[in-house]
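Peer 1: Given chain D, put chain X in place with the hints provided.
There are 2 protein chains.
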Amino acid sequence: MAKRPHFLISNDDGIHAPGIMALLEVARELGETTVVAPNSAQSAMGHAISIGKPLRIYQEELPGGLIGHAVSGTPADCVKIATGVVMKTQPDLILSGINHGANSSVSAIYSGTLSAAREGALQGLPAIGFSLCHFPHEGDMSAAKIVAKTVIEHALTSKLLPGQCLNVNIPYLPIEKIKGIRITRQAMGRWMEEFDERTDPYGRKYYWLTGKFILQDKGVDTDEHALAEGYVSITPMSHDLTAHHQLPALTEWPWELPAS
Amino acid sequence: MAKRPHFLISNDDGIHAPGIMALLEVARELGETTVVAPNSAQSAMGHAISIGKPLRIYQEELPGGLIGHAVSGTPADCVKIATGVVMKTQPDLILSGINHGANSSVSAIYSGTLSAAREGALQGLPAIGFSLCHFPHEGDMSAAKIVAKTVIEHALTSKLLPGQCLNVNIPYLPIEKIKGIRITRQAMGRWMEEFDERTDPYGRKYYWLTGKFILQDKGVDTDEHALAEGYVSITPMSHDLTAHHQLPALTEWPWELPAS
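Residue numbers (my numbering), protein chains in the order written: chain D, 1 to 260; chain X, 1 to 260.
Okay, chain D solo, but in the shape it has when bound (with noise of 0.2 Å):
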């Protein structure tokens, strides 16, 4: 029998969130675990580390009598310190999630999830994050996890590679209204902000950052077309952030610094 394969597990809604719990259920069918993940909601810190302060480890107690690693950091910090200090042994596969909110579209660029991923994936892992098109921590998992499960057997059979990160979007859907899978890019868009001000009762003004989702691509290939049509969306994700196409272009500017 083949050894079975053993998964980092982390997120950025906490170590406590009922997302990561969902997916700590799917990945202890299919292998070993260990979970690191931040010990409080780390939602949309982008891609952050923590450089200017030390990180702790706190053993927490979950479900099914696992001990969980909870690190006062990033989720991106949770990765690094799993393989640098907790883990033994590299894991075969990264999971980040569930993500209580959708990752798509420019919401990609803000996701703690997915910094997560990318973060093993930049230490030549494999690695998937999953989102839930679903806000509140309260709601059905019971689809979400026949996807997650579906699509982690399904990196494990078709060997997802090393350094290789997906971005799974899942619609809040009953399992049996997802219509499939489909392979798509991250659609163009972008948070149209609003600030709510108010004022403070010592007469001090502040502000709370809202805003609306503005889709700015028509194209029928992307993660929130997929979505919309009710299929889960999964993008394979890049670190090289070069516009690439902008080079020739750029590079015919007549560039030159001032004689000294």
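Calculated from the structure, these hints are not laboratory results.
Hints may be right or wrong, so weigh each one.
[Said to hold, decoys possible] Restricting the straight-line Cα-Cα distance to at most 27 Å, the calculated cross-link-like pairs of lysine-lysine (DSS-like) are:
hint: 1; chain 1: X; residue 1: K205; chain 2: D; residue 2: K53
hint: 2; chain 1: D; residue 1: K3; chain 2: D; residue 2: K88
hint: 3; chain 1: D; residue 1: K3; chain 2: D; residue 2: K145
hint: 4; chain 1: X; residue 1: K3; chain 2: X; residue 2: K53
hint: 5; chain 1: X; residue 1: K149; chain 2: X; residue 2: K177
hint: 6; chain 1: X; residue 1: K3; chain 2: X; residue 2: K159
hint: 7; chain 1: D; residue 1: K218; chain 2: D; residue 2: K177
hint: 8; chain 1: X; residue 1: K212; chain 2: D; residue 2: K88
hint: 9; chain 1: X; residue 1: K179; chain 2: X; residue 2: K218
hint: 10; chain 1: D; residue 1: K159; chain 2: D; residue 2: K3
hint: 11; chain 1: D; residue 1: K53; chain 2: X; residue 2: K212
hint: 12; chain 1: D; residue 1: K212; chain 2: X; residue 2: K53
hint: 13; chain 1: D; residue 1: K179; chain 2: D; residue 2: K149
hint: 14; chain 1: D; residue 1: K53; chain 2: X; residue 2: K53
hint: 15; chain 1: X; residue 1: K3; chain 2: X; residue 2: K88
hint: 16; chain 1: X; residue 1: K218; chain 2: X; residue 2: K205
hint: 17; chain 1: X; residue 1: K149; chain 2: X; residue 2: K88
hint: 18; chain 1: X; residue 1: K53; chain 2: D; residue 2: K205
hint: 19; chain 1: X; residue 1: K145; chain 2: X; residue 2: K159
hint: 20; chain 1: X; residue 1: K88; chain 2: D; residue 2: K205
hint: 21; chain 1: D; residue 1: K88; chain 2: X; residue 2: K205
hint: 22; chain 1: X; residue 1: K3; chain 2: X; residue 2: K218
hint: 23; chain 1: D; residue 1: K88; chain 2: D; residue 2: K53
hint: 24; chain 1: D; residue 1: K145; chain 2: D; residue 2: K159
hint: 25; chain 1: D; residue 1: K218; chain 2: D; residue 2: K179
hint: 26; chain 1: D; residue 1: K212; chain 2: X; residue 2: K179
hint: 27; chain 1: D; residue 1: K145; chain 2: D; residue 2: K179
[Stated by the list, open to error] Which bits of chain D does chain X cover? Going by a derived footprint, with three or more residues having C-beta under 8 Å, they are:
hint: 28; stretch: 3-13
hint: 29; stretch: 38-45
hint: 30; stretch: 86-96
C-beta atoms are modelled at their ideal positions from N, C-alpha and C, and glycine is treated no differently.
Peer 2: Structure of chain X alone, referenced to chain D:
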């Protein structure tokens, strides 16, 4: 006479860092300025935004009698609140930095400096992030100021496009030793983590994240190569994180959800 451009200036080292003061000095020679920057150091914040806590804006006196706006948030927050609350009209160009330390290769993913520029670009504005390859806040900024001024002038005359974002890295050399400017791509590389384990006075362990950079790229068209040869590196940055080259192979996988 043409209208002078209006620059929005931010950074991740905090509103009083020498780097942003150097950038402000340069920008004031070329146009009008509004400074909206974090009220504390926000290095390595990635593209984090504040959704769990409200933001406050403090007025701070800067050299030359200017009033800057110090925000209790991340670099991306600063650009959002600058365009959403502080500024009456949209800036013509976003400037971020000058960062104390390089943001080449994979550091572009962790960089707060670039997240401010990228946030501006996501809003459809042209944006430039500047980083000096010298980590201490003490250091000679005179060459960096000449480079920054030159790049901004080029961006204005050659017309950096709405949504375009440049990552400018400047070698820490006297201006006469800087060989010129190269348009580059992001080099493949990674940080190899090492955790410095210590014990606090109460007997509890804590960990400082340290590490060294591993260049995995032999290309002569990269940011790292340009810097090593004594050139300023300019890399155009994309918001599309899709690994487009991986799409065809992944589409061939036998994706299927279990029959319900």
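Peer 1: Is the straight-line distance between the alpha-carbon of K88 (chain X) and that of K205 (chain D) 27 Å or less?
Peer 2: With Cα atoms ~18 Å apart, K88 (chain X) and K205 (chain D) stay inside 27 Å; holds.
Peer 1: Please work out if K212 (chain D) and K179 (chain X) have their alpha carbons no farther apart than 27 Å.
Peer 2: violated (46 Å)
Peer 1: With the threshold set at 27 Å, check whether the alpha-carbon distance from K53 (chain X) to K205 (chain D) stays at or below it.
Peer 2: holds (13 Å)
Peer 1: Do the alpha carbons of K218 (chain D) and K177 (chain D) lie within 27 Å of each other, as the hint requires?
Peer 2: holds (24 Å)
Peer 1: If you draw a straight line from the CA of K3 (chain D) to the CA of K88 (chain D), is it 27 Å or shorter?
Peer 2: Judged against 27 Å, a Cα distance of about 17 Å means the pair holds.
Peer 1: For the stretch 3-13 of chain D, count the residues whose Cβ lies under 8 Å from any Cβ of chain X; is that count three or more?
Peer 2: Contact hint for the stretch 3-13 of chain D vs chain X: violated, 0 residues under 8 Å.
Peer 1: Does the stretch 86-96 of chain D contain three or more residues whose Cβ lies closer than 8 Å to a Cβ of chain X?
Peer 2: Violated - the stretch 86-96 of chain D has 0 residues with a Cβ nearer than 8 Å to chain X, which falls short of three.
Peer 1: Given the hint that K212 (chain D) pairs with K53 (chain X), test it: the Cα-Cα distance must not exceed 27 Å.
Peer 2: Roughly 18 Å separates the two Cα atoms, so the pair holds.
Peer 1: K3 (chain X) and K88 (chain X): Cα distance at most 27 Å?
Peer 2: holds (17 Å)
Peer 1: Holds or violated: K145 (chain X) with K159 (chain X), Cα cutoff 27 Å?
Peer 2: Holds. K145 (chain X) to K159 (chain X) sits at ~20 Å (cutoff 27 Å).
Peer 1: Would the pair K218 (chain X) and K205 (chain X) pass a check requiring their Cα atoms to be no farther apart than 27 Å?
Peer 2: violated (39 Å)
Peer 1: Please verify whether K179 (chain D) and K149 (chain D) have alpha carbons no more than 27 Å apart.
Peer 2: holds (16 Å)
In summary, the structure is inconsistent with hints 4, 16, 22, 26, 28 and 30 from the numbered list given earlier, while agreeing with the others.
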